[in-house]
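Read off the chains here:
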Amino acid sequence: MVLSRKWLSDYTDIDASPKEFADKMTMSGSKVESYRCPGDEIQNVVAGRVTDMWRHPDSDHLWVCMVDVGEGEDLQIVTGAQNVKVGDMVPVAKHKSLLPGGKRIEKGKLRGVKSAGMLCSLGELELDTHDFPYAIEDGIFIIQEECAPGDDIRPIIGADDVITEFEITNNRPDCLSVIGLAREAAVTFGTELKLHEPVVRGGGGNINDHLKIEIRSPELCPRYTGRMITDIRIEPSPKWMRQRLRAAGVRPINNIVDITNYVMLEYGQPMHAFDYACLEGGQIVVRTAEPGEDIATLDGTPRALTPDMLVIADGKKPVGVAGVMGGENSEITANTRYAVLESANFSGVSIRKTAAALNMRTDASSRYEKGLDPQNTYPAVQRACELVELLGAGTVMDGVIDIVAKPYEPTVLDLCPDRINALLGTDIPVDFMVKTLRDLGFTVEGERVTVPSWRSDVEHYSDLAEEVARFWGYDVIEPTDLRGGGMAGGLTEKQSLERLTDSVCRGMGFTEIYTYSFISPSDYDKIALPEEKRKSVTILNPLGEDTSVMRTSSLPSMLGTLAHNMLNRNMDVRLYELARVYLPGDEPLPEERLILTLGEYGGYDFFHLKGAVEALLRELRIPDVRFEAETANPSYHPGRCAVIRAGGDTVGVLGQIHPAVAANYGLGETLCAELDFLKLLEKRAAEAMYEPLPRFPAITRDIAVVCDSSVTVAALSDCIRRGGGETLRDVQLFDIYTGAPIPPGKRSTAFSLTLRSDEKTLTDDHADETVKNILALLESELGAVIR
Amino acid sequence: MREKLEKIKSEAMAALSAAAASDKLEALRVKYLGKKGEVTAILKQMGGLSPEERPIIGQLANQVRTEIEAAVAAKASELEKKLMEEKLRLEAVDVTIPGTPVCRGHRHPMTIVLDEVKDIFIGMGFTIAEGPEVELSVYDFDKLNIPVGHTVRDRRDTFYITEDEAVHLRCQTSPVQVRVMEVQKPPIRIISPGRVYRKDEVDATHSPMFHQFEGLVVDKGVTLGDLKGTLNTLVKKLYGPETKTRFRPHHFPFTEPSCEMDVQCFVCGGEGCRVCKGEGWIELLGCGMVHPKVLAGCGIDPDVYSGFAFGVGLERVTMRRFGIDDLRLIYENDMRFLQQF
Numbered sequence: 000m001v002l003s004r005k006w007l008s009d010y011t012d013i014d015a016s017p018k019e020f021a022d023k024m025t026m027s028g029s030k031v032e033s034y035r036c037p038g039d040e041i042q043n044v045v046a047g048r049v050t051d052m053w054r055h056p057d058s059d060h061l062w063v064c065m066v067d068v069g070e071g072e073d074l075q076i077v078t079g080a081q082n083v084k085v086g087d088m089v090p091v092a093k094h095k096s097l098l099p100g101g102k103r104i105e106k107g108k109l110r111g112v113k114s115a116g117m118l119c120s121l122g123e124l125e126l127d128t129h130d131f132p133y134a135i136e137d138g139i140f141i142i143q144e145e146c147a148p149g150d151d152i153r154p155i156i157g158a159d160d161v162i163t164e165f166e167i168t169n170n171r172p173d174c175l176s177v178i179g180l181a182r183e184a185a186v187t188f189g190t191e192l193k194l195h196e197p198v199v200r201g202g203g204g205n206i207n208d209h210l211k212i213e214i215r216s217p218e219l220c221p222r223y224t225g226r227m228i229t230d231i232r233i234e235p236s237p238k239w240m241r242q243r244l245r246a247a248g249v250r251p252i253n254n255i256v257d258i259t260n261y262v263m264l265e266y267g268q269p270m271h272a273f274d275y276a277c278l279e280g281g282q283i284v285v286r287t288a289e290p291g292e293d294i295a296t297l298d299g300t301p302r303a304l305t306p307d308m309l310v311i312a313d314g315k316k317p318v319g320v321a322g323v324m325g326g327e328n329s330e331i332t333a334n335t336r337y338a339v340l341e342s343a344n345f346s347g348v349s350i351r352k353t354a355a356a357l358n359m360r361t362d363a364s365s366r367y368e369k370g371l372d373p374q375n376t377y378p379a380v381q382r383a384c385e386l387v388e389l390l391g392a393g394t395v396m397d398g399v400i401d402i403v404a405k406p407y408e409p410t411v412l413d414l415c416p417d418r419i420n421a422l423l424g425t426d427i428p429v430d431f432m433v434k435t436l437r438d439l440g441f442t443v444e445g446e447r448v449t450v451p452s453w454r455s456d457v458e459h460y461s462d463l464a465e466e467v468a469r470f471w472g473y474d475v476i477e478p479t480d481l482r483g484g485g486m487a488g489g490l491t492e493k494q495s496l497e498r499l500t501d502s503v504c505r506g507m508g509f510t511e512i513y514t515y516s517f518i519s520p521s522d523y524d525k526i527a528l529p530e531e532k533r534k535s536v537t538i539l540n541p542l543g544e545d546t547s548v549m550r551t552s553s554l555p556s557m558l559g560t561l562a563h564n565m566l567n568r569n570m571d572v573r574l575y576e577l578a579r580v581y582l583p584g585d586e587p588l589p590e591e592r593l594i595l596t597l598g599e600y601g602g603y604d605f606f607h608l609k610g611a612v613e614a615l616l617r618e619l620r621i622p623d624v625r626f627e628a629e630t631a632n633p634s635y636h637p638g639r640c641a642v643i644r645a646g647g648d649t650v651g652v653l654g655q656i657h658p659a660v661a662a663n664y665g666l667g668e669t670l671c672a673e674l675d676f677l678k679l680l681e682k683r684a685a686e687a688m689y690e691p692l693p694r695f696p697a698i699t700r701d702i703a704v705v706c707d708s709s710v711t712v713a714a715l716s717d718c719i720r721r722g723g724g725e726t727l728r729d730v731q732l733f734d735i736y737t738g739a740p741i742p743p744g745k746r747s748t749a750f751s752l753t754l755r756s757d758e759k760t761l762t763d764d765h766a767d768e769t770v771k772n773i774l775a776l777l778e779s780e781l782g783a784v785i786r
Numbered sequence: 000m001r002e003k004l005e006k007i008k009s010e011a012m013a014a015l016s017a018a019a020a021s022d023k024l025e026a027l028r029v030k031y032l033g034k035k036g037e038v039t040a041i042l043k044q045m046g047g048l049s050p051e052e053r054p055i056i057g058q059l060a061n062q063v064r065t066e067i068e069a070a071v072a073a074k075a076s077e078l079e080k081k082l083m084e085e086k087l088r089l090e091a092v093d094v095t096i097p098g099t100p101v102c103r104g105h106r107h108p109m110t111i112v113l114d115e116v117k118d119i120f121i122g123m124g125f126t127i128a129e130g131p132e133v134e135l136s137v138y139d140f141d142k143l144n145i146p147v148g149h150t151v152r153d154r155r156d157t158f159y160i161t162e163d164e165a166v167h168l169r170c171q172t173s174p175v176q177v178r179v180m181e182v183q184k185p186p187i188r189i190i191s192p193g194r195v196y197r198k199d200e201v202d203a204t205h206s207p208m209f210h211q212f213e214g215l216v217v218d219k220g221v222t223l224g225d226l227k228g229t230l231n232t233l234v235k236k237l238y239g240p241e242t243k244t245r246f247r248p249h250h251f252p253f254t255e256p257s258c259e260m261d262v263q264c265f266v267c268g269g270e271g272c273r274v275c276k277g278e279g280w281i282e283l284l285g286c287g288m289v290h291p292k293v294l295a296g297c298g299i300d301p302d303v304y305s306g307f308a309f310g311v312g313l314e315r316v317t318m319r320r321f322g323i324d325d326l327r328l329i330y331e332n333d334m335r336f337l338q339q340f
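Heads up: the sequence lines are chains A and B, in that order.
Numbering that gives the first Met the number 0 numbers the first residue of the first sequence as 0 and each following residue consecutively.
Numbering that gives the first Met the number 0 numbers the first residue of the second sequence as 0 and each following residue consecutively.
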């Protein structure tokens, strides 16, 4: 909402600088977005009278003018315009003057002739012929206003106003009007609100002899108020009205249209004028559209209407989309003699839906959709008629047709001053509460508060608390600490482990990323995800295909991020993300599963990432972890992928991304792991108790065995553990060797064994015996022989 | 003999002080103190002395021997020290050569701020509540006093999953508050951080997915003053104890009274500049007293309990904290960006 301070002063006298006005209004709840003084852009420009002129000696189109600017001595100014005559009053930008847009004017010479400034056109003052219809665009602005040479141009062209722009919240459509903001300003600054009751003389015959109004959808149109005007004379509206509309950002058109816009801005009530001659049957019917009906709206666009849309119709056809835009078929034209003025109240939800369906959000519809005051239709139409008479735009007919389809019932509340103070943590006197509410238009009788019709947002004592608080001052309410202390705050076990995981990952060199939860369906193709895993939560109205499904896999996000880094030549990248995937099931809501995803490229191999995963699992105390070859996960290299099992259950997958999948992202050798975080935590072991340090020394023995390459290290070390008995405390792989002299298809695997007893120092004989047993078992079970 | 001893001593001392290497020192020790050394030789000749002289010369000889021994030891330690110094000198390194690189990961700036926020609230007795991102409209709208037909429920603003609009991507983390209030009796002190979704095109300040942390306190006698106190604590801990705030009236469907909290512009200190668009203040969060309808809808008697709630955009706080000027950087995850944290 854009407010002119001049217009505001019709309703209340505020003596405050633009900044002070903005600050105080903001703090009482009408947030000021910005303010400007258009006149500040114009400096040292005055009215001047042309006293003499002759052709420039060196030009066939320039003129040399002598201009009286009230300084005793006339200024000599050269102009290229052809519409200036001696005796004309013109805007003169003197030496060192400033024009809108930051343009500076200085004296100089034009083709050798001195010029002490510039004569201005409308455009140079940021005006057009809507502001001054008697002027021309293409030439100097010949001023017809009352003024004398030397007068500051700003009041003459209405550029001496202060324009304040407010951000009005959705609950306060009443503040989308000069009167609404005047009421707020008056209470904020403690000034008097000067409301005005419109006076209409009438005299143009009786409306009831010409027009009938019927509301067939009372739920969608609680009230419809109409008046008629005859003998319309379409012409430009006067300067004061044009300037106020212009200040509010509305283009002046002609007197009738300007009046409807003026009243909308002043009263907050949208209005529309129909050409009576175009209303068949002399009637207005407010109804929903019939199937198949359509209308061309004022913007010239044909619109198909649907039966849930409210229209204004005559006896036969729609003549307007209610609350959105009038129809071309009943538009006011230069030939209009009779007009019907509509001032109606419509259901906000209905208007919003219609405007959205027709994709035409208008000034009127954006007001209606917030829910307007049903009691405002009558005063607004009266004001419009008053202005018609004031401007001589026509003759108002006697009588008002005011159909109330749904009677208005005011909201009545209890004041509850104690509860208001308890809620705010204040000690505000009841007198202050009562005065504030009364100033805002509430009726207060004892404890009984009647809410004004324009404040449908107030429905509870807590709403009254806000009304009181915002004028008491949010800033004088004392900040206090929470009482009742003693609440045990803290992280849950899961939340602590998330933090632990963060720090372990970071410590191992992985950097955290944040990626979008939604991906493109084509991402599933890129990672070759099996069909059965693609069933996703799909967004009905996505921004685009790229963000249209909720991911069932975190891999596309990770690979996409790695690819982005590759593209930016980051050569060594290791990332992790702890975030959700969304798995639809039978419930209305999907399962949101927390996944830890690791990804890296830049000279790393399978075992590098596996080492990191192992370290993380140790840190999280996940016991009984096994890695098993996984050849069937199409996102991964079939020979370099493992499922991760803990306590027998699958908790994740790890491996080198399949080269074809990596290539889809423009990546080379890339490693990723995906871990089901909550499943992992289920497996988490209890905190370890202290074990006494060994009292007896350990013996180590190294063994190397040769067997088929297909025998896994896990199988070998399992076998060693079983063969080693209880004194075998540790088995560490330290070498794998293939090549001569080992026969093809076989490999040599070397382990370091640690033997120790808690009862005694072990003997070499015992160690030899143990190794012998191990070797025997290795040979019998796995065909592995000592090298 | 006395003169002889004095002479030996002065010769020995001179030789010792001139000795520059440990092998030389050993030779001197043998020369004077060894079995065939000069002092030993004197002691061996003691037999030829008169009984009166013997103790005197003996004492003198022993004294000379002790002194030479001490001098040898001192010289030895001096030489050893020199040797060590020389060794250390040779071992010296250029300490300006960079250290061996240790691969270090980085916390995302959003996590840095969020962890800090969590800790601030934990310190005030809060716990952290979580909930689904794909949410029922009942929790995200109806129970938050956002009726059907309200603009935020529009398909232009909210991502819907089901045609009947019963399921959508939550546009705030407030449904978590509703879920908590339905199962937990007051007193309640929670914050609910998480991802939220609104239908905004990506640009420098908008993203269809972003993060919020919201807070909720419900108890007997909770006031607007408590809300101000709690949020002042948050801001002073996040941005420093001198940070100034202001609370402005505003409107949200689920709070009444409602406010927006601004922090004084950290660039101009309230004078008005480009960063704060001349206002002197930067809008940080929305908050208010929980609407009685919301409390009642969650089974909490608004005649007994009151509460406050607030919601903060984590991106906004993070960007302000680190001077990040483009929101897209947060989701691009470029290493050149992330490794700055």
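Because the hints were derived from the structure by calculation, they are not lab data.
Incorrect hints may appear among the rest.
Derived list of chain B stretches under chain A, where covered just means 3 residues or more per stretch with a C-beta under 8 Å from a C-beta of chain A [to be verified]: (1) 98-106; (2) 112-120; (3) 125-132; (4) 159-169; (5) 186-197; (6) 237-243; (7) 281-293.
From the three backbone atoms N, C-alpha and C, an ideal C-beta is built for every residue, glycine too.
Hint numbers contradicted by this structure
6
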